[in-house]
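Two chains, two frames, some hints: make the complex.
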Amino acid sequence: MDRRQFLKVTGASAATLAVTGMNPLAALAAREQTSGGQAAAQASAKQAAQQGPLAFVVTRGGKPEKNYAAALKALGGISKFVTRGDVVVVKPNIGWDRTPAQAATTDPTLVGAVVKSCYDGGAKKVKVFDYPCNDPRRTYVRSGIAEAAKAAGAEVSFIDDRKFRRVDMKGTVLKTWPVYAEALDCDRLINVPIAKHHGSARLTMCLKNWMGVIGDPRGRLHQDFDHSLADLGRFFRPSLSVLDATRILTAYGPQGGDTKDVRTLNTLVVGTDEVAIDSYGATFFGMKGAQLGYLVQAARLGVGQVDLTKVRHSVIDVA
Amino acid sequence: MANVRRISQIVFILLFFYLLVQTQYQGRDEIGYPVRLFLDLDPLFAGLLLLSSFSFKPILLLSLITVGVSLILGRFFCGWVCPFGTLHNAARELARRPRKLEHGLYARTQAWKYAVLVGVVVSGVFSMSVLGVMDPLSLTVRSISLGIGPSLELIVRAAFDGLYAHGPGWLTAASEPAYNFLKDHVLAFSQPRFLQGAFVGLIFIGLLALNAAKSRFWCRYVCPLGALLGVLSKPALLRLGLVGQCDRCGKCVLSCPTGASPALADGWRKAECIYCWNCVEACPTNALAFTFATPRAKDGRVDLSRRNFVWSLGAGLVAVPLVRVSPSLSRPNPRLIRPPGARPEKEFLERCVKCSECMRVCLTNGLQPTLAEAGLEGMWSPMLVPRIGYCEYSCTLCGQVCPTGAIEKLDLDTKRKTVIGLAFIDKNRCLPHAMNVNCAVCEEQCPTPKKAIVFKDTESVDANGNKFTLKLPYVVPELCIGCGICENKCPVVDEPAIYVTNLNESRSPSRSLLLAPKSTP
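Quick mapping for you: the protein sequence lines, in order, are chains A and B.
In terms of the numbering used here, the first sequence is residues 1 to 319.
In terms of the numbering used here, the second sequence is residues 1 to 521.
Worth flagging that the hints you see were computed from the coordinates, not collected in a lab.
Beta carbons are placed, not taken as given, at the ideal position from N, Cα and C, and that holds for glycine.
Where hints are given, some of them may not hold.
Counterexamples of contact, computed for chain B against chain A with all Cβ distances above 10 Å [what the hints assert, rightly or not]:
1. Ala2
2. Leu71
3. Leu73
4. Leu94
5. Ala212
6. Val222
7. Asn286
8. Gly314
9. Pro449
10. Lys450
11. Phe455
12. Cys490
Taking lysine to any residue pairs in the SDA-like style, the calculated list, with each CA pair at most 20 Å apart, reads [unchecked claim]:
13. Lys450/B / His227/A
14. Lys175/A / Pro491/B
15. Lys163/A / Lys450/B
16. Lys127/A / Arg237/A
17. Lys471/B / Glu155/A
18. Lys346/B / Leu371/B
19. Lys163/A / His198/A
20. Lys127/A / Glu155/A
So here's chain B without its partners, still in its complex pose (with noise of 0.2 Å):
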């Protein structure tokens, strides 16, 4: 039966990988099979959006899925599903430390995260900040998305350019169609990169490491979704009994990896237990077996002392007006731009669960994680940077892929009518403003059907005296979007000589710049 737990942890980690390459511009406006679905079998997210904002997606329905399963089987999510959990598997195995029995033994210490559990749905009433952090889901795809898997495209990439450029003909004409194939089927369509990369990927090998001190670290002590998957699971059907002969020799002890204590004489710990199987398949005299039978009242015992519960309880209240001390919501950061279908930024940040989805579909890398942009409470949410990359005129796949609606899905029209930003003129780098010289790239690049950017054509004279048109651009405030592009595309490529900042954002009318605007013509 382990074997067939490995044959499910297989598949699920392989869809999961498949869903995230697909996570991106597959040559339709609609995109087909992102990743969210893993997301959406998440109970918390479904949870606590109906909580906090009253409202429910029937995609989240999925979730039920998840819950039912942990009501008849328990933890089986953990150990048969969860990208993360297969991931710390890996992780345990490539650790090889000797074991030791005490890990397999309940410890009261794992009773840590139902405390965790308790803090993120007591904040997560408020805002689903702290819990996007903490959730193993959106942990998991946000470390290789914004980390883990860029990083690993750069070493791809650099060895097949490395042997384009410097390999011999006959090495470069096999590695050539194997990169095309890679590139077509796997990569990026070109190479991501992200603010926060690096941090976030560090968190995520920090986390598997854990592994080296005790298995399934994370799941034990912190995973608020396994807390409560081990809640649910109190009246489970499914478990581990005594069927023959034990003659005390530990190695079920030994081979568990969540410490919940499967030698029965201790007290098999079900809201530890993920059903690996292998203890079934350690024990050398067959004396254990998981049969469905009434669920008892003692297997599914929760230690969270009434003390810790009321701890983690006050944590969870006052950790959403801690990570809300920051003037940014009364005064935002003039660069913190929304991805166009952002709801208002209090009523963003309650849904956004910093899963990274909207980053890895964007198509041209421009929505990066924020650090310090939009106060703790935002730390990880979706920023268009324009000199990263801008947004595309005709694009809707951020509102697509957003689990919980942070980023609403907007049809074409509305999205080329969402205003995300306002841009500026810096005269005095601007080529014609400062230098006198003609140039014109972001007035041709502005994607609005009547320009955003226009002329003013004056006459001027040159250095030698020549006389000349020179075309001025200005921005006209009716009918410029924020897309950015033209920051983007600005040749002064250090401090561009014309950016964007969210002023005029569709989504917050009190930041509105002009008192009447003009009919355009």
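In isolation and in its complexed conformation, chain A is listed as follows (with noise of 0.2 Å):
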């Protein structure tokens, strides 16, 4: 380490430092915080015996702003997970030509929501991109994702094939890939998947929708989601997930079509441990996380924790 380079993290970190130390709205938020960790007691007593922060809250019954309003207030406000002058980098599924009623990508008033939440956390840019599969032009206008982040501040872009840069993901099945270089060289990662029924890996929640940041051939991962979608858990550590079951899509996924495979469940699983999160999210499908190999082997590789009831969570209803 040079003197610049010396000069640049110590004066980085003190800004940081003192930012959030005289930042009211962290020092609400850490207000909230505690009331919110009341609520999680309420819920679950045996929970609230168990030591350490919340892995994730369950908000339901609102809107998907509110729902997620109420579970970032829960989790502790914004600030836990963004830092003023970030760029962050939030990642939805826009991966088919659908509508949001189709239930196949993420509804896309949550990704405006999330969007303004990192810019009221201070963050310097957002960007909004997915690789999707049919026509990037159609899914972005389809899945209205792109006016809604757009409405919210985001950048949003297409990918451009330039930007994969080939990294070692020191994985199991996943060696050096190409992963997207705006997805590595952010501040933040924040996932925000759809919940669906997937005809091979069964569920994509959280893990699976990271196969939107890595580029060709990833066709080839459906030949072991097992251990590709495990790697690509414990390559990708966002600051904050957030998985949209507003509607989720019970069959015929992930693209769906037909609106009699969706049920509306106005639900958020938001927190820090995807696989607890998808663990919960399976739920939602009448199946347990331990019946998802990917799950099973991502908490092996230590990405998360499977079983449920060795996570500290609660369960919000939004009035």
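Structure (structure tokens):
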């Protein structure tokens, strides 16, 4: 480390400390965190007994933005996940040329709310993109996500082939692989997947959503979802994950197309342990996390906790 | 006045290129202003569509403007509007060959174009395929969309990519915003690539290069539209007249690009004149002027001898059966997958004018020009090549831009149910079937709400003796619409393990596969 770097690092940490320390919002968020903690305690005495922070909260009953706001409150506010001056990548699922009602893509109002919260937390820039399966121009429009994210101030861009960088993912099956540079070079990653049925992975939620920031030949991952999705989960460490279960697709995923297969749950699972979040998400489909091979493998790699009895979480009903 | 004409040409060619750029997905299901506008102005398309299929599209009424203008102002369209004509002007300037007096004088060989006109009209009554190849507007749209445009894009992209990869930071900081602007407003969404691009582009360049031999070579000798407008110009009122003292310097003749003999002693040829005003401008004594006057029969002569007329009539009659002498109608190439909304093959070929609008607008670049797949009659007509691009489930753009209705405009619901082919799994190459490895890409990508590719779960044992569930994909023929996304995305990237053929396509009931399709769950 040369002198310049040293000054940079110490300066930046000092600034961060000063900003968060003096920020009245952060103090407010801290207070709310206690009340959120109380709600969690009421929800489950057994979990309250456990030590450690909340792995995730489940908020349900409200519109996506309200559910999200409630979840953030319970988790201690956005300042826990975004610091002033951050460049944040918000990664929704914009994979398919479908409308929000068909539940193949993340709810656009939720994406908008997440982008807005990042700016509330002082983010310098919020980027939104995905590497879709269908024509990107159509998926960005039809999902409603481009419009909602732009309205919230995000920089929405299409994947630029030149911006993939081959990196060593050090995975069990994923060794070196092209990864989208903007997902590597940002300060914070926020994962905003939708919970859906999937023909071969059975369900697609947080871990599977990372397939949208890696390059081709990503179709190969289908040969061994269990190991490759666990590898993705270990490589990408988001500061926050927001599993969208506003509407879930229960059959013919990941694309669906028939609204008869869509169920409206008005629920979000928000937190930091993606394995636990996915494990909880599985219950929406009448499954257990342990039934999903990739979650078991991810837990084995230490990405997170698949056994929900071992993580602190709370369920909040939003009026 | 010649400068007014130049401005008109610049305006129209800019409009032409603007519309060409607009001929792509603009963020809405309905397309705004396709370059079809220029094709709609073409009276050959409108007239022959009427003659050959007794059908008419109201939009083709636009071509009456061209007819009306020609009846009054002669071949004004050729000199002032036609984009190919304007490119000829540019080529003539670039060629900078010393001008010869005889090039400005009428030659009988210029009547060839009337023979071409008779040929394409006669053949056009049966099929517009020959016309499509020869029509200047179709030719220009096709050549630029498939060949010239993509090659220019390659240059632009290579330049910016080079800067991005190797340029210094300050330069990239300037070049990237410029590149992004171009990508947003001028370039295609991704680099277009076409199978016949080089072929079509070279023909175009060759035709323009003929300006080095004689200016406006195409317009003089070949152009069937120019010939038609020449015939229509008979009653035109705008005529070249002598209004001053001619000192026989010959500058008017030297300046004439089309051999219309503007020196009046030789007899001005109205049917050759494109009203470019060069001669009027060149005259040192201001002796020439265009004035409105009653037309004279002598001006509007068309030198097509009876013998040549009969020859071209015969050629036109023979042309269609000749290009149809191919079993491709009764035994179509299995890989000839037509876009959704394409009429039954015979009707489709009768209408397709090979303008390539559908290929240009195709989201995935999957629509490609044929070479021999549809017989000679169908050369350069659109064919879906799933390995290059699939048919996007909720897109109807190709039918929206087709000028002659060869591809019908479908509403979204009909489009999603229109079958263009059927997928087949090559079990010798498919990972689960041949290699005992789970895959599932095709199933995941299949866009129909009830998947047309489903799994049969089987118990399997891997090479180490471990039991696992092997998901074997199979195709449900009642549900497959042949969009080709499975073939496009199949991870067996050379010869795909799943591929689409045109069997089962809705437009030919005789080629359906199943006796009684089962109702699906």
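Hints, verified against the model:
1. At roughly 43 Å from the closest C-beta of chain A, the C-beta of Ala2/B stays outside 10 Å, upholding its exclusion from the interface.
2. With a least CB separation of 44 Å from chain A, Leu71/B remains clear of the 10 Å interface cut-off, as annotated.
3. Every C-beta of chain A lies more than 10 Å from that of Leu73/B, the closest at about 42 Å, which supports listing it as non-interface.
4. For Leu94/B, the condition that its CB be more than 10 Å from all CB atoms of chain A holds, with the nearest at approximately 35 Å.
5. No beta-carbon of chain A comes within 10 Å of the beta-carbon of Ala212/B; the shortest separation is about 40 Å.
6. The claim that Val222/B lies off the interface holds: its Cβ sits roughly 39 Å from the closest Cβ of chain A, which is beyond the 10 Å cut-off.
7. At roughly 57 Å, the least C-beta separation between Asn286/B and chain A is larger than 10 Å, which holds for a residue marked as non-interface.
8. Consistency note on Gly314/B: stated as away from chain A, and its beta-carbon is indeed over 10 Å from all of that chain's, at 48 Å minimum.
9. Its closest Cβ contact with chain A, about 3 Å, brings Pro449/B to no more than 10 Å, contrary to its assignment away from the interface.
10. At roughly 6 Å from the closest C-beta of chain A, the C-beta of Lys450/B falls inside 10 Å, breaking its exclusion from the interface.
11. Not every CB of chain A lies more than 10 Å from the CB of Phe455/B, the least distance being 7 Å, so the non-interface label is violated.
12. Here Cys490/B does not stay apart from chain A, with its beta-carbon only about 8 Å from theirs, under the 10 Å limit.
13. Restraint check for Lys450/B and His227/A: the C-alpha separation of about 29 Å exceeds 20 Å, so the hint is violated.
14. Of the supplied pair hints, the one linking Lys175/A and Pro491/B holds, its CA atoms being roughly 18 Å apart against a limit of 20 Å.
15. This hinted pair does not check out: Lys163/A and Lys450/B have alpha carbons roughly 36 Å apart, beyond 20 Å.
16. For the hint pairing Lys127/A with Arg237/A, the CA-to-CA distance comes to about 17 Å; that is within 20 Å, so the pair holds.
17. Straight-line distance between C-alpha atoms of Lys471/B and Glu155/A comes to about 40 Å, which puts the hinted pair past the 20 Å bound.
18. Between the alpha carbons of Lys346/B and Leu371/B the distance comes to roughly 17 Å, so the proposed pair stays at or under 20 Å and holds.
19. Among the hinted pairs, Lys163/A with His198/A is inconsistent with the structure: their alpha-carbon atoms are about 28 Å apart, more than 20 Å.
20. Of the pairs offered as hints, the one joining Lys127/A and Glu155/A holds, with about 5 Å between alpha carbons and a cut-off of 20 Å not exceeded.
Violated hints, in rising order: 9, 10, 11, 12, 13, 15, 17 and 19; the structure is consistent with all others.
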